[in-house]
Amino acid sequence: MSISLFHKLNTCKLTFSQLVAIIRQTHHPIHTLPQQTQPPPSSHTSLDQTTTSTKLIHSSIQTGSHLPGKLAHAHVIKLSLQPSLLLYNNLLLMYAKLGELSYAQNLFDQMSQRNIVSYNSLISGYSRTGFYDKALYAFCEARVEGLLLDEYTYSGVLGVCGCTSDVTLGKAVHGLVIVSGLDGLVFMINSLIDMYSKCGRIGQARLLFETSVNVDDVSWNSLIAGYVRLRGYNEVFELVMRMHRSSYMLSTFTLGSVLKACCVKNLNCFGKMLHGYMVKLGLDFDVVVGTALLDMYAKTGNLTDAIRIFKCIPCQNDVMYNAMIARFLQMENICREYAQEALHLFCQMQRQGLKSSKFTFSSILKACIAVENLEVGKQIHAQICKNNLQSNEFIGTSLVDLYSFFGSIDDGLRCFNSTPKLDVVSWTSMVAGYVQNGQLENALLLFYQFLAYARKPDEFIISSVMGACAEMAAARSGEQIHGYALKSGVANVTIVQNSQICMYAKSGDIDSAQLTFQETKNPDVVSWTVMICSYAQHGFAMEALRLFELMTASGIQPNQITFLGVLTACSHGGLIEEGLRYLDQMKKDYGIAANVKHSACIVDLLGRAGRLQDAQKFIFDSGFKDDPVIWRALLGACRVHKDTAMGKRVAERVIELEPLAAASYVLLYNIYDDAGKEKPASEVRKLMQDRGVKKEPGISWIEVGNKVHTFLVDDRSHAMSQLIYSRLEDMLLKIKKISVNNEKPLLGISEAQLSGTIGMNYHSEKLAVTFGIISLPKSAPVRIMKNLRVCSDCHTTMKLISKVEKREIILRDTIRFHHFKDGFCSCKGYW
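Just so we're aligned, residue -8 is where the sequence shown starts under the numbering used here, counting upward by one.
In short, the hints are calculated from the structure, not lab data. Just so you know, these numbers come straight off a predicted model, no measurement behind them. The C-beta atom is built at its ideal place from N, Cα and C for all residues, glycine as well. Treat the hints with care, as some may be off.
[Claimed, not checked] Restraint-style ranges between C-beta atoms, simulated for each label pair: (1) 685 x 647: 17 to 27 Å; (2) 119 x 310: 12 to 22 Å; (3) 382 x 279: 30 to 40 Å; (4) 537 x 575: 14 to 24 Å; (5) 806 x 685: 18 to 28 Å.
[What the hints assert, rightly or not] With a Cα cut of at most 25 Å, we get these calculated DMTMM-like pairs of lysine to aspartate or glutamate: (6) 677 x 784; (7) 797 x 784; (8) 819 x 617; (9) 447 x 432; (10) 478 x 462; (11) 698 x 502; (12) 769 x 721; (13) 616 x 634; (14) 578 x 540; (15) 588 x 515; (16) 670 x 649; (17) 685 x 665; (18) 263 x 296; (19) 271 x 296; (20) 578 x 634; (21) 728 x 799; (22) 698 x 669; (23) 125 x 157; (24) 512 x 450; (25) 271 x 208; (26) 412 x 384; (27) 670 x 687; (28) 685 x 617; (29) 819 x 502; (30) 812 x 721; (31) 685 x 649; (32) 698 x 664; (33) 588 x 643; (34) 447 x 384; (35) 670 x 643; (36) 727 x 706; (37) 794 x 784; (38) 769 x 813; (39) 639 x 664; (40) 608 x 568.
Go ahead and model the full structure; you've got the sequences and the hints to work with.
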């Protein structure tokens, strides 16, 4: 329609009455004018050109539609009219109000005559759209022109000072206001109070407020909003009471500001008093007040009251829906029930035709993750594309999170690459997605790409990439990331230090993890928990328990994971009484229910002591008798204590619960094999083949220099393969020679065990540790990682190598860390 209008303007000269008729016909298609032949333009038209143009321009400002004002401007240009200064100023105001600053500036430059109104429109337009430098330039130009500046000029530039927190310039403008004699105007006082408040100088704003004779409700509201912004809640409530006693009506703006102050949990009682006051005034059905109320109740944990308020408002708009959806999804761990409710509200919005913002879509994608429904997430993605919001960085980040959570990392990468404006949050989500899906090397490469773009890392992306280093046990890469954290100034942020503790601990460097923990100035529950779990995984049971006692004495409330670390420490340390006591303490003193992992620790603890019957009884009493994890813990104990009869029964139960898990078959095979029962062992292997159960290949890796070296069983693909095998054979022969020369078996290992060790296949951990001994200096510990549980033969070999080579060997398997030194292991033979 707009194209046809411009076509008419270009093909014929229309009178303003004809132009008005066309615009009315365009904007009110239901009430179309009857078809008739328009008379030719006459010279005696009675419609005043300037008045009609002004009306059309004002119509654009009021409706927010560019069309009427632009048509009027086009008509003026086409007829080569010489607009008056009034008409120019109205056009300038229209373009500034509608955000068309390039048109406004062009028009301003073409004006042969300008007054202070012209400059005020330009200053306010630039200030409103964030072009603060241009607004200040226009202000300086007005002063150079020698124009008499008015309160609107000063108000515009004071707004710029507030938005940029430039209190020095603000004070200079305040001086000009006083010199000009405008400091007594209430409009000017309000602008100054607002400027000082936004610059954080609330004391000066308060002084100005108290010493001014002329103040109105806007003055009160500006000062109250300033205190809310700076969290001066006591002053907020004191001002509200004074305002009420001074017979000023509390407006919806006032109440909305004060309710923000009531979002702190211990101040919600004041919010309830205000709620009662609003009901008395009949404002509780107001959309603005209602939104602030539901926000206040939701943020203070009263989500039920927030829902009740939402349902009471007769005409909910998109702002209320967005606020309610955001409140349902504001928690760190989103409740599935609340996520379902948020999705229901989103569907209501769609049915009512309400517009969803980028924040709505970003929030609702989190709900799809919480309810674990990828299909709904894809439908939301389609809605995002329909609304042309897919290139928004907030939504792009949420889409990456969605697809990463469901393992569709390629789709997440496509969303990442299609986002034109990538901020650090977007990069962090993609790095975290790679880590979450086990693509650790890609996570590191993406981080290096992030740095190549000269981006400054923040604490969250540093934390995510340290998580990748932790899972890879890449200590060298982790140290480099630590360096980036120091360089970026985020090394002392608690979230980074927590990830650093985890990274060093999982890389086998428990000393560096401990040092990082000691350097953490404000350790939170995560800091203590990570350190406790690290001690437990490394077999330092007493250190873990000592740290737990220190944590509780410091007033830090332990959580489920903290107690899991404590029980793991008791299990690995064989501390039966302590473990049972901590389990009881967890339930009674902290009200934390035991989950399957806690229960598996107790089964492992009892199994270590040989109390297999007690462990079995505990399983039936725990409430997790149908979970394979807890039975597998008992199966491991049966293997250690060579209880073939119970091992067979337990293995049958585990295989029944998890028929395709290779670990259960392997444990049962080892039980038979250790007992010398070849026939049952071969039957287990045949059963695996018949059912198509495949054992995951064992992989071991070691980081040397800046490269990770990976080994498989009987692997000869490494460049130093010949040297590795030669050195390994030399070490094994050296072990055998020392054992033969000793009267007593070496380290309590029998001759049969030793022969088995020498003749065993070349498992991946043997190759990795040999490569480490060749490549690393003698003073450096050899740290190797394995994706499976270390076998008995390799465990024995590591002890012997640590003895004869006088090297410390640190091996991480899926169960725990093994510290081999002088022929002994920190696990004491139980893992």
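For this session: Verify the proposed pairing of residue 677 with residue 784, using a straight-line Cα cut of 25 Å.
Result: Distance ~23 Å between residue 677 and residue 784 Cα, so the pair holds.
For this session: Please work out if residue 447 and residue 384 have their alpha carbons no farther apart than 25 Å.
Result: 17 Å, holds
For this session: For the pair supplied as a hint, residue 670 and residue 687, confirm whether the alpha-carbon distance does not exceed 25 Å.
Result: With a Cα-Cα distance of about 23 Å, the restraint between residue 670 and residue 687 holds, given a limit of 25 Å.
Exercise. Cβ-Cβ distance between residue 119 and residue 310: within 12 to 22 Å?
Worked result: 20 Å, holds
Problem set entry | Pair hint residue 812 and residue 721, alpha-carbon separation not exceeding 25 Å | 20 Å, holds
For this session: Compare the distance between the alpha carbons of residue 769 and residue 813 with 25 Å, and conclude whether the hinted pair is satisfied.
Result: Within the cut-off at roughly 14 Å; holds.
Exercise. Does the structure keep residue 478 and residue 462 at a Cα separation of 25 Å or less?
Worked result: The given pair, whose Cα atoms are some 24 Å apart, holds under the 25 Å limit.
For this session: Sort out whether residue 515 lies within 25 Å of residue 588, counting only the CA atoms.
Result: 23 Å, holds
Exercise. Hey, residue 512 versus residue 450, does the alpha-carbon distance stay inside 25 Å?
Worked result: Holds, at roughly 16 Å.
Exercise. Does the structure keep residue 670 and residue 649 at a Cα separation of 25 Å or less?
Worked result: 23 Å, holds
Exercise. Is the straight-line distance between the alpha-carbon of residue 685 and that of residue 617 25 Å or less?
Worked result: 23 Å, holds
Exercise. If you draw a straight line from the CA of residue 685 to the CA of residue 665, is it 25 Å or shorter?
Worked result: Cα-Cα ~21 Å, so holds.
The structure shown violates the earlier hints numbered 8, 20, 22 and 32.
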